[in-house]
Amino acid sequence: MISLSGLNDKQREAAEQVEGPVLILAGAGSGKTRTITYRIAHMVDNLAIKGDSILGVSFTNKAAKEMRERVHTLLGSRKSRSISLLTFHSLGVRILKKEITKLGYQENFSIYDQSDQISIVREALKLYHAEKKFDQKEVMAKISMLKNAGITEMDFADSHHFKPDDPYDHATEYAYRFYQEKLKFFNAIDFDDILFLTLKLFRQNPEVAKSYSEKFKYIMVDEYQDTNPLQFELITHLTKTHNNLCVVGDDDQSIYAFRGADVRNILDFEKSFPEAKVIKLEENYRSVTPILELANNVIKENKKRREKTLWSQKPSEHKPILWAMGDTDHEAEVIVEEVVRHQGNGGHLGDMAILYRSNTQAPPIEDQLRLSQVPYQIIGGQKFYDKKEVKDLMSYLFVILNPSDQMALRRILNIPHRGIGNATLEKYLKKSEEENLPLFSVLEKYPDIDPARATGIKTFVQLINKYKKKFQTSTLSENISLLIEDIDYLNFIDKQYDNSKQVERRRNDVMHFIESANRFTNYYKDNANLKNFVERLLLQDSQDKDKLEDDEDSDVRKNEVTLMTLHSSKGLEFRKVFLVGIEEETLPHKKTITMGEDISEERRLCYVGITRAQETLIMTYCKQRKIYGKDLPRSKSRFLNDLIDKNLFIEQDRTTFGHMSEEEAKDYKKSFFSNLLGSLGEE
DNA sequence: GGTTATTATTTTTTT
DNA sequence: AATAATAACC
97 MISLSGLNDK
107 QREAAEQVEG
117 PVLILAGAGS
127 GKTRTITYRI
137 AHMVDNLAIK
147 GDSILGVSFT
157 NKAAKEMRER
167 VHTLLGSRKS
177 RSISLLTFHS
187 LGVRILKKEI
197 TKLGYQENFS
207 IYDQSDQISI
217 VREALKLYHA
227 EKKFDQKEVM
237 AKISMLKNAG
247 ITEMDFADSH
257 HFKPDDPYDH
267 ATEYAYRFYQ
277 EKLKFFNAID
287 FDDILFLTLK
297 LFRQNPEVAK
307 SYSEKFKYIM
317 VDEYQDTNPL
327 QFELITHLTK
337 THNNLCVVGD
347 DDQSIYAFRG
357 ADVRNILDFE
367 KSFPEAKVIK
377 LEENYRSVTP
387 ILELANNVIK
397 ENKKRREKTL
407 WSQKPSEHKP
417 ILWAMGDTDH
427 EAEVIVEEVV
437 RHQGNGGHLG
447 DMAILYRSNT
457 QAPPIEDQLR
467 LSQVPYQIIG
477 GQKFYDKKEV
487 KDLMSYLFVI
497 LNPSDQMALR
507 RILNIPHRGI
517 GNATLEKYLK
527 KSEEENLPLF
537 SVLEKYPDID
547 PARATGIKTF
557 VQLINKYKKK
567 FQTSTLSENI
577 SLLIEDIDYL
587 NFIDKQYDNS
597 KQVERRRNDV
607 MHFIESANRF
617 TNYYKDNANL
627 KNFVERLLLQ
637 DSQDKDKLED
647 DEDSDVRKNE
657 VTLMTLHSSK
667 GLEFRKVFLV
677 GIEEETLPHK
687 KTITMGEDIS
697 EERRLCYVGI
707 TRAQETLIMT
717 YCKQRKIYGK
727 DLPRSKSRFL
737 NDLIDKNLFI
747 EQDRTTFGHM
757 SEEEAKDYKK
767 SFFSNLLGSL
777 GEE
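For the first sequence, the residue numbers in my numbering are 97 to 779.
Take these hints with a grain of salt, some might be off.
[As the list claims (entries may be wrong)] Below 20 Å or equal to it, Euclidean Cα-Cα: the simulated SDA-like pairs (lysine to any residue) are: (1) K336 / S307; (2) K222 / F274; (3) K554 / K566; (4) K654 / R671; (5) K376 / L103; (6) K554 / E540; (7) K566 / T617; (8) K233 / Q276; (9) K687 / G422; (10) K722 / K404; (11) K367 / K396; (12) K719 / T751; (13) K396 / G422; (14) K278 / R218; (15) K238 / K404; (16) K404 / E366; (17) K541 / E530; (18) K415 / K742; (19) K161 / G667; (20) K566 / Y585.
Read the hints as simulated data drawn from the structure, not as lab findings.
Start from the sequences and build out the full structure, keeping to the hints where you can.
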């Protein structure tokens with residue numbers, strides 16, 4: 097029996113309102129996750145609702161993981177196991193894996209990432225002869241935008257997104273058609289397709305949609321303000337039978353408009369679901385009053401919003417601090433120094449987070465943490481599977497799984513070198529197009545097109561076919577190790593790089609990859625097949641992979657400082673938060689300023705950052721920052737500069753030691769220089 | 001035909 | 001600073 101007595105009146109009302117549509121308007125830190133997790137526990141434990149009829153959807157892996165862990169803590173693994181707590185994308189993949197043949201794809205489809213997508217668009221633009229050059233990334237971004245708006249390559253030219261006098265749109269039209277055709281031919285889908293195709297499936301096969309809406313009797317959507325039209329429609333399909341939908345969100349934290357999120361979904365919820373019960377959570381349990389005051393004042397400047405003012409019962413003497421720094425190295429130095437100082441005073445590293453607008457801000461801080469030997473973890477950023485070595489190895493797995501996957505095939509055909517370069521490849525590609533046969537089948541059927549390369553090609557085809565069989569019979573991890581040996585990949589790395597440090601790092605990545613395959617095999621036992629492994633690599637971030645290592649002590653936060661973007665910090669909280677780079681052109685970002693776009697989303701990002709902090713908030717900006725390798729002057733962000741009440745935070749200039757008394761500054765400088773000399777002596 | 005040196009270009013945020 | 005496109009080289 098789960099007791100709801102730990103919830104406040106509003107929270108309890110939300111947890112107990114299990115039937116029908118419910119909208120929970122939850123300000124930052126108002127115990128939103130707590131409310132939904134208790135709601136789930138209440139359903140399972142007190143109302144005897146079956147776990148497999150409950151679906152909880154969120155956006156990021158991080159959020160889904162947090163939900164899973166907290167439900168697990170409340171219910172234990174036996175009762176919580178069958179509950180589906182997923183991201184929109186993993187839900188989509190799950191459905192597509194079962195049903196995609198209905199859309200004319202094979203069930204062993206590949207999922208393409210951004211670099212694959214751009215390669216295809218590049219090829220399309222090469223074929224699209226025009227005197228003007230088009231930017232592949234921009235064209236790809238437009239295609240992605242169209243998909244998220246639900247517009248197919250056929251509909252584009254007739255839609256209001258198409259401007260007949262814009263050459264870009266004509267190029268995009270061509271590229272979009274080319275792109276979709278190729279994906280289908282390669283038996284591959286992209287990230288946008290995961291939702292797009294799931295929806296297409298539901299539209300074309302109402303009986304399939306119905307079966308899922310019958311299965312999921314109770315549906316919850318987290319961060320509802322970030323849903324785009326596709327996700328909204330998906331939810332509509334799923335709730336059709338039982339109409340038990342509970343959405344949670346906060347319009348002030350809507351930060352995904354760039355990928356099609358539409359705040360109107362939350363603002364007009366009552367229109368779409370007329371009997372909806374609306375519950376507002378306004379008391380903040382997270383932060384201390386001075387932090388909330390700053391947050392309220394920052395977000396107040398946004399005009400279009402549901403007026404709300406967060407309040408909490410936690411007073412504090414300490415106001416948020418703003419530090420001016422010299423450059424990014426100085427910023428990193430001072431922050432890490434403060435981290436170490438806090439740790440020395442008994443602070444826990446797991447209670448601290450360093451948040452930034454973009455991933456490019458992380459490296460200097462990372463370097464400094466490493467130098468000072470402070471343990472840290474980076475969320476997001478360059479994913480493990482974005483590394484070249486990992487991509488190579490994964491491409492082998494893709495081809496073994498889905499030989500039609502031409503992008504993966506082309507990547508590994510000459511890795512390790514088999515003497516098959518561009519010119520050779522072209523010959524086989526030509527045949528592939530003529531016969532409308534996947535490239536791999538061409539290699540298999542007509543290896544002699546280029547007689548000089550035929551032996552290499554035959555050996556390659558044999559290798560793939562050999563492993564295709566092997567993966568069906570013997571264990572996953574064993575085969576992956578064997579494969580890496582078979583292609584002599586470690587030796588290939590040795591030959592590629594003469595820098596021994598690089599070789600070392602890349603070898604390490606390979607080992608890490610083997611390691612993760614081993615862990616996966618041990619954890620999933622009989623379910624550890626190639627398909628599941630590849631899916632996991634594609635959809636889960638490296639954080640989740642680490643989770644396999646320590647499945648027992650999951651509720652103990654690791655003793656590491658967390659580094660991440662403002663976007664991925666949403667939904668999380670830390671006692672001490674560093675908000676770095678609060679500068680014009682960083683936050684708000686240059687792109688939004690120069691494009692003359694609405695900066696209100698940037699302000700919401702700032703708001704999200706501030707409201708992550710429970711006790712201490714330290715914001716920083718640099719007077720100088722390296723852009724394209726050049727030092728450029730920078731200034732304080734308008735989000736702080738425009739505040740009328742300057743007493744909301746304390747401002748100190750660390751470059752002039754403005755935060756210290758003269759006496760302290762003198763001592764500080766002395767110790768600083770002696771440390772510097774000391775560290776030079778050690779080198 | 002394949003590899004490497006040179007030059008041009010570029011940075012948001014996530015699945 | 002890092003990466004991709006292009007040109008020059010083996």
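For each hint, the structure was consulted:
This hinted pair checks out: K336 and S307 have alpha carbons roughly 10 Å apart, not beyond 20 Å. As the CA atoms of K222 and F274 are separated by approximately 11 Å, the hinted pair is consistent with the 20 Å bound. For the given pair, K554 sits about 18 Å from K566 by alpha-carbon distance, which is consistent with the 20 Å threshold. At most 20 Å may separate the alpha-carbon atoms for a hinted pair to count; K654 and R671 meet this at roughly 14 Å.
Annotation: proposed proximity of K376 to L103 holds, straight-line Cα distance about 14 Å (limit 20 Å). For the suggested pair K554 and E540, the alpha carbons sit about 7 Å apart, so the restraint of at most 20 Å is met. Among the hinted pairs, K566 with T617 is consistent with the structure: their alpha-carbon atoms are about 15 Å apart, no more than 20 Å. With a C-alpha separation of about 16 Å, the suggested pair K233 and Q276 falls inside the 20 Å cut-off, and the hint holds.
Restraint check for K687 and G422: the C-alpha separation of about 24 Å exceeds 20 Å, so the hint is violated. For the given pair, K722 sits about 38 Å from K404 by alpha-carbon distance, which is inconsistent with the 20 Å threshold. Straight-line distance between C-alpha atoms of K367 and K396 comes to about 26 Å, which puts the hinted pair past the 20 Å bound. Proposed proximity of K719 and T751 is supported: the alpha carbons are some 9 Å apart, at most 20 Å.
Pair hint K396 plus G422 does not hold up; C-alpha atoms about 30 Å apart against a cutoff of 20 Å. Straight-line distance between C-alpha atoms of K278 and R218 comes to about 12 Å, which keeps the hinted pair within the 20 Å bound. Annotation: proposed proximity of K238 to K404 is violated, straight-line Cα distance about 35 Å (limit 20 Å). The straight-line distance between the Cα atoms of K404 and E366 is roughly 19 Å, inside the 20 Å bound, and the hint therefore holds.
Annotation: proposed proximity of K541 to E530 holds, straight-line Cα distance about 14 Å (limit 20 Å). A C-alpha spacing of about 11 Å is found between K415 and K742, which places the hinted pair at or below 20 Å, so the restraint holds. Restraint check for K161 and G667: the C-alpha separation of about 11 Å stays at or below 20 Å, so the hint holds. With a C-alpha separation of about 19 Å, the suggested pairing of K566 with Y585 holds against the 20 Å cut-off.
Consistency with the previously given hints fails for numbers 9, 10, 11, 13 and 15, ordered from lowest to highest.
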